[in-house]
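Trainee: Protein chains in written order, with the working numbering: chain A, 130 to 328; chain B, 22 to 448.
The hints are simulated quantities; they were obtained by calculation from the structure and are not laboratory data.
All C-beta atoms in this analysis are idealised placements derived from N, C-alpha and C, irrespective of residue type, glycine included.
Check before you lean on any hint, since a few could be wrong.
If you want a taste of the chain A side facing chain B, the calculated C-beta under 10 Å gives, among others [what the hints assert, rightly or not]:
| hint | residue |
| --- | --- |
| 1 | 153 |
| 2 | 154 |
| 3 | 178 |
| 4 | 235 |
| 5 | 256 |
| 6 | 285 |
| 7 | 288 |
| 8 | 303 |
| 9 | 317 |
| 10 | 318 |
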Amino acid sequence: GSALAEKYGLGRPALPAEIAAWDQDILPDGTGLPDGSGDAIVGEEIFATQCAACHGDFAEGIGNWPKLAGGADTLDREDPLKTVGSYWPHLSTAFDYIRRSMPYGNAGTLSDEDTYAILAYILYSNDLIEDDFVLSKDTFFDVEMPNANGFIIDDRAETEYSRWSSGDPCMKDCKEDVKVTMRAMVLDVTPKEEGASEE
Amino acid sequence: MSENKSRTGTTRRSFLQGAAAVGVGAVSASAAKAQAADPLITEVQPWAQGFGDGVDETPYGLPIQYEGDVIRRNVEWLTADTVSSINFTPIHALDGTITPQGCAFERHHSGAIELKKEDYRLMVNGLVDTPLVFSYADLERFPRENHVYFCECAANSGMEWAGAQLNGAQFTHGMIHNMEYTGVPLRTLLEEAGFDTSGDVSGKWVYVEGADASSNGRSIPMEKALDDVLVAFKANGEALRKEHGYPVRLVVPGWEGNMWVKWIRRIEVLDSPVESREETSKYTDTLEDGTSRKWTWAMDAKSVVTSPSPQSPITHGKGPLVITGLAWSGRGAITRVDVSRDGGKSWETARLGKPGEKMALTRFYLDVDWDGSEMMLQSRAIDDTGYIQPTKTQLREVRGLNSIYHNNSIQTWLVRSNGEAENVEVS
Numbered sequence: 130g131s132a133l134a135e136k137y138g139l140g141r142p143a144l145p146a147e148i149a150a151w152d153q154d155i156l157p158d159g160t161g162l163p164d165g166s167g168d169a170i171v172g173e174e175i176f177a178t179q180c181a182a183c184h185g186d187f188a189e190g191i192g193n194w195p196k197l198a199g200g201a202d203t204l205d206r207e208d209p210l211k212t213v214g215s216y217w218p219h220l221s222t223a224f225d226y227i228r229r230s231m232p233y234g235n236a237g238t239l240s241d242e243d244t245y246a247i248l249a250y251i252l253y254s255n256d257l258i259e260d261d262f263v264l265s266k267d268t269f270f271d272v273e274m275p276n277a278n279g280f281i282i283d284d285r286a287e288t289e290y291s292r293w294s295s296g297d298p299c300m301k302d303c304k305e306d307v308k309v310t311m312r313a314m315v316l317d318v319t320p321k322e323e324g325a326s327e328e
Numbered sequence: 022m023s024e025n026k027s028r029t030g031t032t033r034r035s036f037l038q039g040a041a042a043v044g045v046g047a048v049s050a051s052a053a054k055a056q057a058a059d060p061l062i063t064e065v066q067p068w069a070q071g072f073g074d075g076v077d078e079t080p081y082g083l084p085i086q087y088e089g090d091v092i093r094r095n096v097e098w099l100t101a102d103t104v105s106s107i108n109f110t111p112i113h114a115l116d117g118t119i120t121p122q123g124c125a126f127e128r129h130h131s132g133a134i135e136l137k138k139e140d141y142r143l144m145v146n147g148l149v150d151t152p153l154v155f156s157y158a159d160l161e162r163f164p165r166e167n168h169v170y171f172c173e174c175a176a177n178s179g180m181e182w183a184g185a186q187l188n189g190a191q192f193t194h195g196m197i198h199n200m201e202y203t204g205v206p207l208r209t210l211l212e213e214a215g216f217d218t219s220g221d222v223s224g225k226w227v228y229v230e231g232a233d234a235s236s237n238g239r240s241i242p243m244e245k246a247l248d249d250v251l252v253a254f255k256a257n258g259e260a261l262r263k264e265h266g267y268p269v270r271l272v273v274p275g276w277e278g279n280m281w282v283k284w285i286r287r288i289e290v291l292d293s294p295v296e297s298r299e300e301t302s303k304y305t306d307t308l309e310d311g312t313s314r315k316w317t318w319a320m321d322a323k324s325v326v327t328s329p330s331p332q333s334p335i336t337h338g339k340g341p342l343v344i345t346g347l348a349w350s351g352r353g354a355i356t357r358v359d360v361s362r363d364g365g366k367s368w369e370t371a372r373l374g375k376p377g378e379k380m381a382l383t384r385f386y387l388d389v390d391w392d393g394s395e396m397m398l399q400s401r402a403i404d405d406t407g408y409i410q411p412t413k414t415q416l417r418e419v420r421g422l423n424s425i426y427h428n429n430s431i432q433t434w435l436v437r438s439n440g441e442a443e444n445v446e447v448s
């Protein structure tokens with residue numbers, strides 16, 4: 130590419146206050162973490178008023194709403210429970226997501242202090258810290274995320290593509306026998322279509 | 022949306038009643054074989070006598086009422102509420118490749134927001150010479166491109182990992198749409214901000230986020246950002262629909278729909294990925310041993326027979342039958358689609374509606390003479406990398422059952438002799 134790409138002179142420079150307002154992301158290495166701190170004791174109170182209606186008093190989740198705690202060592206089981214504690218690789222993601230996008234329906238209203246405290250409560254609910262642990266950018270990496278090493282970069286090129294790109298596919302006599310092994314109508318979970326009269 | 026609710030749809034039940042009335046498998050009411058003269062021909066009909074609507078009746082039209090079943094549908098039990106949820110394109114009823122925007126699926130994480138052009142701002146910041154703010158009007162002054170691409174949700178067919186669950190192509194394969202986009206290459210905006218393209222782009226990333234509460238932030242490697250990503254403001258000729266990101270969205274050809282950030286407000290150049298919620302907690306694919314793949318961006322070659330299918334049964338009895346469907350690949354163009362009528366024992370190569378285009382939906386047809394016997398219909402896509410769409414068994418051998426995303430396996434419809442079709446798995 131050319132370092133002298135054509136410019137059109139469109140747009141205008143972003144002001145520092147504008148960048149600060151919108152660029153809130155926090156990186157896995159902690160870049161972007163604000164000052165402030167919070168612990169699970171304070172966090173429990175905030176969680177009770179701001180979060181528990183959906184996520185439960187103990188972050189265990191209500192109904193279909195996401196469970197934030199539990200699920201340790203379930204990832205290789207039939208029905209894994211993926212929570213902040215059991216699944217999320219980085220604590221940075223939780224701070225970033227909570228402060229930016231929660232509470233659901235009233236996002237962006239939590240202070241940095243509130244966010245640290247809520248996150249401490251979620252970690253405590255996952256048995257990852259003690260209740261007197263004070264979470265801040267200085268202690269952020271004292272918390273060990275159990276699934277930090279649980280991710281691999283997309284390896285389909287090695288594990289799949291060569292398997293299924295090998296020459297011509299079978300066209301005739303590909304199987305001896307074909308049997309139906311599963312039927313969606315047995316489950317009967319498909320919505321009835323608009324206008325269908327219930328019998 | 023009360024209008025939609027008042028529009029009555031055809032149902033499987035009403036189809037069956039209708040089929041019973043004419044006699045399943047018998048010759049259907051066909052003018053060519055009618056015994057008595059057809060009054061629709063011999064009697065003057067009202068539409069041949071009086072007036073239709075004036076040209077001022079419908080400044081912006083909706084489909085005729087008789088097409089009332091060609092609508093998006095929601096599956097209530099899939100998600101906790103309808104605001105962070107999904108609905109489904111009625112692919113069983115469409116033909117060709119372009120998805121009408123009004124019934125093209127939606128996936129939101131905090132609802133479809135209303136953001137007018139006057140209030141729209143796009144920021145480019147991070148590792149650039151000059152962080153910039155663009156207005157909507159600014160974006161319309163950059164040189165534009167047009168491209169047709171599919172947008173497929175990473176979770177399309179995800180409910181089918183464990184078995185046959187939902188009875189209809191709309192539900193099993195309808196988290197997809199295909200539109201002609203007009204927009205500005207992302208590369209152009211990055212260069213305007215002074216991203217040094219003569220420098221080493223490897224290891225550089227862009228992080229893109231939306232203006233909505235969920236933000237949907239995703240990290241994209243710079244190679245892709247500079248290649249074919251579009252900042253789009255028109256789809257199928259007109260402005261984006263509100264629910265599809267009005268006024269501006271990202272178009273990321275061939276890659277999972279989650280990365281097509283809607284209402285895009287910020288593009289940040291970084292030297293590492295953010296590893297946001299939508300690329301750690303979500304859109305990571307857990308394998309049988311409990312490890313999970315991350316950054317599974319490309320959508321692999323896939324196809325589905327859209328008709329006949331559970332929502333599109335055969336109603337005309339034996340004889341000529343059009344078997345049709347869609348094929349697509351995020352890694353290139355579809356070169357061939359094979360169709361099986363016996364559950365994969367034997368295959369016939371279908372006809373493509375037109376040559377496959379890169380990372381766009383491709384229509385296929387197989388015109389057959391149906392003898393009224395039961396069929397186990399399958400389709401198998403092949404793309405220009407030579408990749409052949411796998412069976413679900415093949416995918417499960419590598420991934421297990423818990424991947425959630427990226428299910429591109431071969432679908433089977435059991436078509437009974439009465440024309441009714443059902444979602445099944447076969448051995």
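Trainee: Hint compliance check: list the failing hint numbers for this structure, sorted ascending.
Mentor: Hints 3 and 5 are the ones this structure does not satisfy, whereas the remaining hints hold.
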